[in-house]
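Colleague: Below, each chain spelled out in residue letters.
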Amino acid sequence: MPDLLIELFSEEIPARMQAKAAEDLRRLVTDAMVEAGLTYAAAAAFATPRRLTLAVHDFPKATKATKEERKGPRADAPEKALEGFLRSTGLTRDQLEVRADKKGDVLFAVIEKPGREAAEVIAEALESAIRNFPWPKSMRWGAGALRWVRPLHSILAIIHDESGASVVPVEIEGVKTGDRTQGHRFMAPGSFAVTSFEDYQAKLAAAKVVLDPAERAEKIQHDAAQMAFAQGLEIVEDKGLLAEVAGLVEWPVVLMGPIGETFLDLPPEVLQTSMKEHQKFFSVRNPATGRIEKFVTVANRETADDGATILAGNGRVLAARLSDALFFWENDLRKVKAGGLEAMAAPLANVTFHNKLGSQAERIARIARLAREIAPAVGADPALAEQAATVAKADLASEMVYEFPELQGVMGTYYARAAGLPEPVAAACGAHYAPLGPSDAVPTEPVSVAVALADKIDMLTGFWAIDEKPTGSKDPFALRRAALGVIRIVLENGLRLALTRPIAEGAKANHVDAADHAGPMELLVPDLLGFLADRLKVHLRAEGVRHDVIEACFRLGGQDDLVMLVARVKALQAFVDSEDGANLLAGYRRAVNILEAEEKKDGIEYSLDPDVQFAEADAEKALFAALDGADPAIGKALGAEDFSAAMTALAGLRAPIDAFFEDVVVNSDNAIIRRNRLCLLNRIRTVMLRVAAFGALEG
Amino acid sequence: MSEAPGKPRSFQEIILRLQTYWASRGCAVLQPYDMEVGAGTFHPATTLRSLGGKAWAAAYVQPSRRPTDGRYGDNPNRLQHYYQFQVLIKPSPPDLQDLYLGSLEAIGIDMALHDIRFVEDDWESPTLGAWGLGWEVWCDGMEVSQFTYFQQVGGHDCRPVSGELTYGLERLAMYVLGIDHVMDMPFNDPQAPIPLSYGDIFRQTEREYSRFNFDVADTAVLLRHFEEAEAECAAILAHPATDPKTGREITMAHPAYDQCIKASHIFNLLDARGVISPTERQAYIGRVRALAKACADAFVTTEAAGAGDGANAAA
Numbered sequence: 000m001p002d003l004l005i006e007l008f009s010e011e012i013p014a015r016m017q018a019k020a021a022e023d024l025r026r027l028v029t030d031a032m033v034e035a036g037l038t039y040a041a042a043a044a045f046a047t048p049r050r051l052t053l054a055v056h057d058f059p060k061a062t063k064a065t066k067e068e069r070k071g072p073r074a075d076a077p078e079k080a081l082e083g084f085l086r087s088t089g090l091t092r093d094q095l096e097v098r099a100d101k102k103g104d105v106l107f108a109v110i111e112k113p114g115r116e117a118a119e120v121i122a123e124a125l126e127s128a129i130r131n132f133p134w135p136k137s138m139r140w141g142a143g144a145l146r147w148v149r150p151l152h153s154i155l156a157i158i159h160d161e162s163g164a165s166v167v168p169v170e171i172e173g174v175k176t177g178d179r180t181q182g183h184r185f186m187a188p189g190s191f192a193v194t195s196f197e198d199y200q201a202k203l204a205a206a207k208v209v210l211d212p213a214e215r216a217e218k219i220q221h222d223a224a225q226m227a228f229a230q231g232l233e234i235v236e237d238k239g240l241l242a243e244v245a246g247l248v249e250w251p252v253v254l255m256g257p258i259g260e261t262f263l264d265l266p267p268e269v270l271q272t273s274m275k276e277h278q279k280f281f282s283v284r285n286p287a288t289g290r291i292e293k294f295v296t297v298a299n300r301e302t303a304d305d306g307a308t309i310l311a312g313n314g315r316v317l318a319a320r321l322s323d324a325l326f327f328w329e330n331d332l333r334k335v336k337a338g339g340l341e342a343m344a345a346p347l348a349n350v351t352f353h354n355k356l357g358s359q360a361e362r363i364a365r366i367a368r369l370a371r372e373i374a375p376a377v378g379a380d381p382a383l384a385e386q387a388a389t390v391a392k393a394d395l396a397s398e399m400v401y402e403f404p405e406l407q408g409v410m411g412t413y414y415a416r417a418a419g420l421p422e423p424v425a426a427a428c429g430a431h432y433a434p435l436g437p438s439d440a441v442p443t444e445p446v447s448v449a450v451a452l453a454d455k456i457d458m459l460t461g462f463w464a465i466d467e468k469p470t471g472s473k474d475p476f477a478l479r480r481a482a483l484g485v486i487r488i489v490l491e492n493g494l495r496l497a498l499t500r501p502i503a504e505g506a507k508a509n510h511v512d513a514a515d516h517a518g519p520m521e522l523l524v525p526d527l528l529g530f531l532a533d534r535l536k537v538h539l540r541a542e543g544v545r546h547d548v549i550e551a552c553f554r555l556g557g558q559d560d561l562v563m564l565v566a567r568v569k570a571l572q573a574f575v576d577s578e579d580g581a582n583l584l585a586g587y588r589r590a591v592n593i594l595e596a597e598e599k600k601d602g603i604e605y606s607l608d609p610d611v612q613f614a615e616a617d618a619e620k621a622l623f624a625a626l627d628g629a630d631p632a633i634g635k636a637l638g639a640e641d642f643s644a645a646m647t648a649l650a651g652l653r654a655p656i657d658a659f660f661e662d663v664v665v666n667s668d669n670a671i672i673r674r675n676r677l678c679l680l681n682r683i684r685t686v687m688l689r690v691a692a693f694g695a696l697e698g
Numbered sequence: 000m001s002e003a004p005g006k007p008r009s010f011q012e013i014i015l016r017l018q019t020y021w022a023s024r025g026c027a028v029l030q031p032y033d034m035e036v037g038a039g040t041f042h043p044a045t046t047l048r049s050l051g052g053k054a055w056a057a058a059y060v061q062p063s064r065r066p067t068d069g070r071y072g073d074n075p076n077r078l079q080h081y082y083q084f085q086v087l088i089k090p091s092p093p094d095l096q097d098l099y100l101g102s103l104e105a106i107g108i109d110m111a112l113h114d115i116r117f118v119e120d121d122w123e124s125p126t127l128g129a130w131g132l133g134w135e136v137w138c139d140g141m142e143v144s145q146f147t148y149f150q151q152v153g154g155h156d157c158r159p160v161s162g163e164l165t166y167g168l169e170r171l172a173m174y175v176l177g178i179d180h181v182m183d184m185p186f187n188d189p190q191a192p193i194p195l196s197y198g199d200i201f202r203q204t205e206r207e208y209s210r211f212n213f214d215v216a217d218t219a220v221l222l223r224h225f226e227e228a229e230a231e232c233a234a235i236l237a238h239p240a241t242d243p244k245t246g247r248e249i250t251m252a253h254p255a256y257d258q259c260i261k262a263s264h265i266f267n268l269l270d271a272r273g274v275i276s277p278t279e280r281q282a283y284i285g286r287v288r289a290l291a292k293a294c295a296d297a298f299v300t301t302e303a304a305g306a307g308d309g310a311n312a313a314a
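Here the protein sequences come in this chain order: S and X. For the first sequence, numbering that gives the first Met the number 0 gives the first residue as 0, with consecutive numbering after it. For the second sequence, numbering that gives the first Met the number 0 gives the first residue as 0, with consecutive numbering after it.
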């Protein structure tokens, strides 16, 4: 069985696009092969800065011939019907067969497709893949019309088996396929021919190209770790940077150099960010002191001087960059030492947060009031929480954060300490942005928690006030993330916090600042709580909690205490998963179905208390007794927030309800008894509704 | 490469070598445009000549001004007036990367010892309504050039595509010469009877222009000049193509474009004076872009753009 090797050789492909491009090439070509009937045993794709490569193993030499028969209209059918059939089959009238059927002569089309050579199928697949390649951004070059990520220089495409290799003939806009490629741009210029994937990979390695990005990343990681270890140091791990750097080189050579003495007192985050963003350097840490002392750069070649020139050049560029950083750091420190973070924050009065929601300074004032309000419920000192919120975003006006926006918060903590502020305040400067993503840790220190919640609730209520809610895939202000932040902070800290009040306060403050831009406010609080409930469904889905179970609890109304809501949700899920729960749910539905049908028919609500004296059957009396017993037990359990106990109390209703439906006909001829029974069904509904809105449950 | 006779010794030698190299590769070596521009791209030899179907190959030094970057001559590598070396070839030749690498060798960068990298960097000029894809070129971690395949200029698709190279001359020269502060860089041969450093020539002007740009330039006058340039640009283009005096078809794309350049520079000065708010900023950029687009529309109808000789000029 033959193998296929394709290589698309171009000018440098952006590192961030390489992995997806390799995968897209694999998918486009192999999908088209399978579609045409060329199934294969294995396929693998690779990328370097200058090439996308695909190897497909073991597929048939040709596709199988196919024969398809299609039954058409009767031989005497009207012209219209015949035309349609001819069009759909691509045949002419005289190519059709006439066969006798029960009802007379019927036309049949026999469509035979001969098998196709694999090379022909692959040539088509390759051309289509190149012309329709899903690059995030593509370009034209020279006088041509072809689009690729950067100019495409050559295409290697061969099919090979034991008998040898042959080129898959394709020509696209003057670029012809062949069996040749090139090695490393500088270390092994010149082209060479290859006969198989193994031959290709070996020759590339000899020509100083490591084809597999995973292998390049591994080499970088290994060499860097070794080099650091030899000097008692360690690499600060950065997977994103590793992947990017592996996409910038074909022949990785790791070099380690020192950071100038003058810069070693810069905060490690500054060193790390500057080196990563500007130079794509790894940071090397001294585990004993926690300081960043060296850098690791990855060159794309070996040199006669073992990288000395390269390292010296990189060191000089770094020194120039860090001089800038040091300049910003010293200026910022001077400012906060002289006038505190308030002085630093002053310019924020002139920075627009959002043109309908006022300046950053106005937003900060709102957050400060809200943080003070929330503080007692999260165990924080209100004055400290307000102070922390007032200064937490001061660093947005610092020179360092202007240069490195990703250091917001981190710098605030340093500057707050330099200004002599209490540690909880300094910590909140950094921690109040958390959690930034689903895997980021939430703040736990009470002052940080108060500011973090106030920050996010202000965001949410602000954009809700001006009706800029997320829609579909559009969430430009990351409001879903803010909502998830609120949920995680509350749940992971076990905070008993009724959210209605801070949301109402936040909404009120934003309403004032938004002035004419604000929309109606009446429905804001319930709408935003509903949004949080939706986010909660997404958040708990990972834990296997059903969204309808959350809905059943949320629909009870007034569910603004997320800790209590989740406790109820979990108890309910355990209950509906049990046999008692499933049967009780069936009984509940039966009761409600009957009740609603009769209510509709009679045009009245059966919501009066049923009276046990009209109960006739034993099962009916037993249900009365069971409900009388369950009602207070449920009340007591709910009062104690013991939702499992409430579920147990409900479980006790299962047998009496089942027996009731077994023995009793609700629609009695006696109108009084019928009405009493319908009211009894209503009582089942009412009692159960104290625990959850069972009607919201699916399945 | 025969052009690499060891290390250059001065800033001017690097410029001369680049000119010689690109001349030997077939480029017309032009002189700087005689107006204040923010970057070499603004020279009509790039902006306008990247449009239309006619082949083109030019290289030139362009003094460039970025008023906001003024640091009174104190900063080791920030200047309000600096030089760019610009190459524009249309259509972009298939070996443009190799040609470019040859130019680095020509100025004394030994490819066997240095690490040259092409790192993604997409170029966009909101004021010119232009964008392209390419890289910043790194030499040992230092950005030494911008390399761009123009896709659109003045709102027009570039057909064929031009390849543009921009060298930041001071930074590149400081790297090649091993200088840490731009003012210390030898401008002419350090062995010359009268050796002149970059600082000897530009320290005074950097101070003067920094003060002028940040604190003195009359913003009321500038605002008026901006409006005038904008109006003049439109007025020039409003004239019918047929010249009433000579009876010839003369579309005045270049004189109009001069006014666009002027408006763009005035905008930069106003920005440095801090009188443009973030919201207004976008509006000003949009106004300059509208001028650039109108000039591009005019240029593609001219002979220089290849209009009338069957080339796809009005695309």
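There could be a bad hint or two in this list.
What the hints assert, rightly or not - In silico EDC-like pairs for lysine to aspartate or glutamate, Cα to Cα no more than 20 Å straight-line:
1) S:K620 / S:D668
2) S:K19 / X:D121
3) S:K279 / X:E207
I should point out that these hints are in silico values taken from the structure, not numbers from a laboratory.
Colleague: Enumerate the violated hints, using their earlier numbering and listing them in ascending order.
Modeller: 3
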